[in-house]
Amino acid sequence: MVLDLLASGLVFSSIIVLGSIGLSLIYSIANFANFAHGDTMTVGAYAAFVTFGAVGGLGFGILGLPLGFFVALVVGIVAAAVVAVVTEKVVYDGMNASSIQLLITSIGIAFIYRAIIQMSFGADFTRFDVQTQRPIEALLPYGVRVTQHDVAIVVSAVVLVGSLHTLLQYTDLGRKMRAMADNPDLARVSGIRTDRVKLWTWIIGAGLAGSGGVFLGLYNQLSPRMGFNLLLLIFAAVILGGIGSVYGAMLGGLLIGVINQLTPVLSDIRFLTEMGTMLPLVPDSFGIVIGIEYANAIAFVIMVAVLLVRPNGIAGEAV
Amino acid sequence: MGALSDPKGYWADLTRAERGVVGFIVGFAVLLLAGLLTGALSPTYFLFLVGIAGMYALLSFGLNSQWGFSGLINFSVAAFFGIGAYGTALMSADSSPIAGGVLPIVGLFVALAVAAVIALAIGIPTLRLRADYLAIASLGLAEVVRLVVLNERQITNGSAGVRGIPPFFEGWPVLATLPQQLPGLVIRPLPGTELVLETPFWGALLNVAIVVAFVGISYGILRRAHRSPWGRVLRTIRADEDLARALGKNTYAFKMQSFVLGSLIMALAGVFYAHLNLFVSPGDLDPVTTFYVWVAVILGGSGSNRGALFGGVVIVTIREGTRFLSGLSGFVLDLGVVALQFDLSFISSNVAPLRFLLIGVLIVVLMRYRPQGILPPQRELIWPSVVDDPPSKLDSGVRGVKAGESDE
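Those protein sequence lines, which keep their order, are chains A and B. Letter 129 of the first sequence, counting from 1, is numbered 129 in my numbering, and no numbers are missing. In short: position in the second sequence from 1, add 319, done, that's my numbering.
Quick caveat, the hints were computed from the structure, so don't treat them as lab data. Any given hint could be a false lead.
Keeping only pairs whose Cα atoms sit at most 25 Å apart, straight-line, the calculated SDA-like set for lysine to any residue is [unchecked claim]:
1. A:K89 <-> B:L673
2. A:K89 <-> A:Q101
3. A:K89 <-> B:P690
4. A:K89 <-> B:R689
Please take these sequences and the hints and turn them into a complete structure.
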């Protein structure tokens, strides 16, 4: 059972990682906590939903997904990036505001995205028109129940994250982005066009969020609230990894996703469920069952704990 | 200087923004009065709206004493509101799984005590955090509170909510049965319209009296606190925490006091809501309430109590006013030659997201063009009696600070 939970944790982590990298990038370069990031994921998901409805089962299938789905994925990524860049140009750019004012503004932006999506598609849940799959037979003997779609999510996330790694480490733009994340003023005086780098950061961050949204829609369902519901988990991942650190965000996303899916294990812990018998002066029937419904709560508590003990996260520099 | 003794001087003394707000309030009041007189707005529903507006004003006061006074970004407004509502509901309601049947006034104090304890529990870890971390952490902890209320069925009744909450004055000597005892009245303010004032109306009037009392007490306390030395320390912390620390202030303790004070006022709003609505459910802890209250405070002007009051009223106008849109289906404009048909069914079928859109646009526009809010605090910071004479020239001194130039 633990193996199965680990596997589904890995799938869920892939989605969280795609969201958290973008949030972390924007946090480090635009310098504010972007509360609209979750709804950027929703934008990507719905753009892909529309595209997939149009191109349908185009072409042959890879891992149980028709080629049309990957076309839709690309459209989702592009749509999220375009929406984010337009928002940056129209709203954030030239606002000359403190990071707190930008944070509050981004809440307004999140509401606008969500309201427009809800107006166009309604508040109900929808799903991509792909066939639901049975778990892969070969893995069932090990107790692992993952579908080909899950594998597709993990593989695509690995490809995307790998390309980002290549971009950051081996290209000119990546070096500039890292320089700017380190010290924006120094980057500017060294002749880096920081505006352009900032724009690319928005494109990359929002694009990855868009892809995360598409996969979230494939993994669960689509709804106007899908991204917002995931936002706090993504924040937890980013903080756990260390704000501003892309590799920290990857690690944090991986951990938060796995911990989230491993929650059922906690409900078996004897100490919590039989607390009454172990503590004096407490009724024997007393016990706390931490079920799956508290999966998110655990992530938030971890987030606060990390903030207290190591505010710069596990991969960030020590204070 | 009063508005009644010297209206001309009072008007001349107002800033442009204040004049706009006064104009808006007068216009809005005229509109409401017209609605009442023509029967378009039922008096009972109108009083319900006043109650809700008072509730939002309380929430804004609470947030204002955290964010406006000392700069704490608290995104757990809805959680404290819910704790207040659940605290009193679980004590007094018939269907309460744990207690029930207790007098609502006891429920009020229990709710406030629980809110204070939870405020300490949330504040102790989070108030040391940097501003934006505090925002994220408090939103996360508010979600934890919501999940607990939703899932601990044996304590809170879970998603079914708590029903059968008695009105606030249940068990009081005269007030408990006052609405039933007052006679029914029928008023005909205009020919053809008829206003029936019966038990529900008197009950609603009693609720308004409660909320007015709550708002008045909170306003009095906060106004006094804001101008006191204690409030000055908070303002210093907000402007420059390092400076406050360098001056020997224990900023953590001050922030904690302001956090608990604000949380208590939010819980008070929750208590009122529980006895107004007579039903509470985990939906009342939805984070969207938090954002509504944030809009109210920013709109009014962070740090300004009368601004918070104004913002609370505007939020209710948006929240309740958009409800009327759902009745729209369309109309035909007959120009004689050609009849234009307007189809409004798109709006009426999308009221909830429309309200959301409106709130979002309001946040963005405010932060972009007027981050200090419509009524930034200016005269509120100093006791009027401290200033011996109003400065002769308007561009100097405290009174001369016009909207837009004051840095809070």
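Evaluation of the provided hints:
For a cut-off of 25 Å, the pair hint linking A:K89 to B:L673 stands: about 24 Å separates their Cα positions. Simply put, A:K89 and A:Q101 have alpha-carbon atoms about 16 Å apart, close enough for the 25 Å limit, and the pair holds. The suggested pairing of A:K89 with B:P690 holds, with an alpha-carbon distance near 19 Å, which does not exceed 25 Å. For the hint pairing A:K89 with B:R689, the CA-to-CA distance comes to about 19 Å; that is within 25 Å, so the pair holds.
Violation of the numbered hints given earlier is absent; every hint is satisfied by the structure.
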